[in-house]
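Visitor: So you can see what is in the structure, the chains are spelled out below.
2 protein chains.
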Amino acid sequence: MNIPSKLIEDAVTEISRLPGIGKKTALRLALHLLKQNEVHTEALTLALTRMRQEVQYCKKCHNISDGEICQICASMRRDKTVICVVEDIRDVLAIENTNQYQGTYHVLGGVISPIQGIGPEELTIESLLERVSLSQEDEEEPIQEIILALSATMEGDTTSFYLAKRLKEKGIKVSTIARGIPVGGELEYTDEVTLGRSIMTRINYSTE
Amino acid sequence: MNIPSKLIEDAVTEISRLPGIGKKTALRLALHLLKQNEVHTEALTLALTRMRQEVQYCKKCHNISDGEICQICASMRRDKTVICVVEDIRDVLAIENTNQYQGTYHVLGGVISPIQGIGPEELTIESLLERVSLSQEDEEEPIQEIILALSATMEGDTTSFYLAKRLKEKGIKVSTIARGIPVGGELEYTDEVTLGRSIMTRINYSTE
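In the order they appear, the protein sequences are chains A and B. Final position of the first sequence in UniProt numbering is 208; the numbers increase by one with none missing. Final position of the second sequence in UniProt numbering is 208; the numbers increase by one with none missing.
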């Protein structure tokens, strides 16, 4: 593609750095902004700049927040004795949408991935361990359980394994969300690893 | 989706105004920018702002350009007696990529679409007619042919029809790009309208 304008070419280059956006889509977006009134571009760039400069992270759970402590950590209705460990804010939103969970969160900011150069120290793991230690000294609301809700990928499993090991040293109950066939999923189309795991980790009706 | 930060929500709203980007993708892009170093967001917003504020349109053909006259109109190698009329700059790029066309262009900036409220006066049609008139006075390089290269949609055809009518009043040769089965396309899978048209507008081998 030989764009006859350096200005557009620069914009296309920058837009196409975003994940999942190629050169063609970037050009389409750039031309869309050019066609629209100038205020649209101004509103977009202002919103992006403000977001990048002013957004804060909750000091407790590292979730994105407009203040020092996020709404979930600040809420009196949430169960502070349970922490659900997730990769990023999208997972928080997904779990919140289920309306099934009343505890708090801890956002890791990623998963351990040696290929991408992400080790445990790049994540908020130390902060999680500290949170657990602090709560154990505090007799009112000590943390009872840590639920690991990471993706069922190699990196997610590695991170879960690492976290479980570190957390067990503190003598705290660690659980992980169930892996199995999705609700509505048909048995014959489920891949063998998932099916195998769902048999291994079967739930006993009588004790439930 | 209940995003716990007004700043991110604003950014997501603005990003999702772009064509083909929904709320979920917008959130993914916003979180990507948050994860990246701040310079990436700065580079993106600067490129967009500069593009929107500084880009110019060629005074002759309305193609996007960094100067008053675009590279194609300014080039000595291009045949100034043929003008190819297209909808927007993407079509110019597509035709340039074929390496088959040596004439100049005229960018309409859209097609006539009563539903979207786009009439002939919103497009650069008057400017095209003026270009033709001016060239007819100029004895050196009068325009010989106008090639209409608009999409084979209802709006594209309406615009072609309108342009052909207006241009014929000027006594200039008007042609349109061929509609037919694509190269590599199989006859049996071609829709009936295209196939019908390709039979009606068949090319005579002997006179070619």
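One or more hints might be untrue.
Given that identical chains are not distinguished, each listed pair holds provided it fits within a single copy or across any two copies.
With a straight-line cut-off of 25 Å between C-alpha atoms, the simulated DMTMM-like cross-links for lysine to aspartate or glutamate are [claimed, not checked]:
#, residue 1, residue 2
1, K80, E96
2, K35, E87
3, K24, E155
4, K6, E42
5, K165, D191
6, K24, E137
7, K170, D66
8, K24, E42
9, K24, D191
Just so you know, these hints were derived from the structure itself, not from any lab.
Visitor: Report the numbers of all earlier hints that the structure fails to satisfy, in ascending order.
Guide: 5, 6, 7, 9
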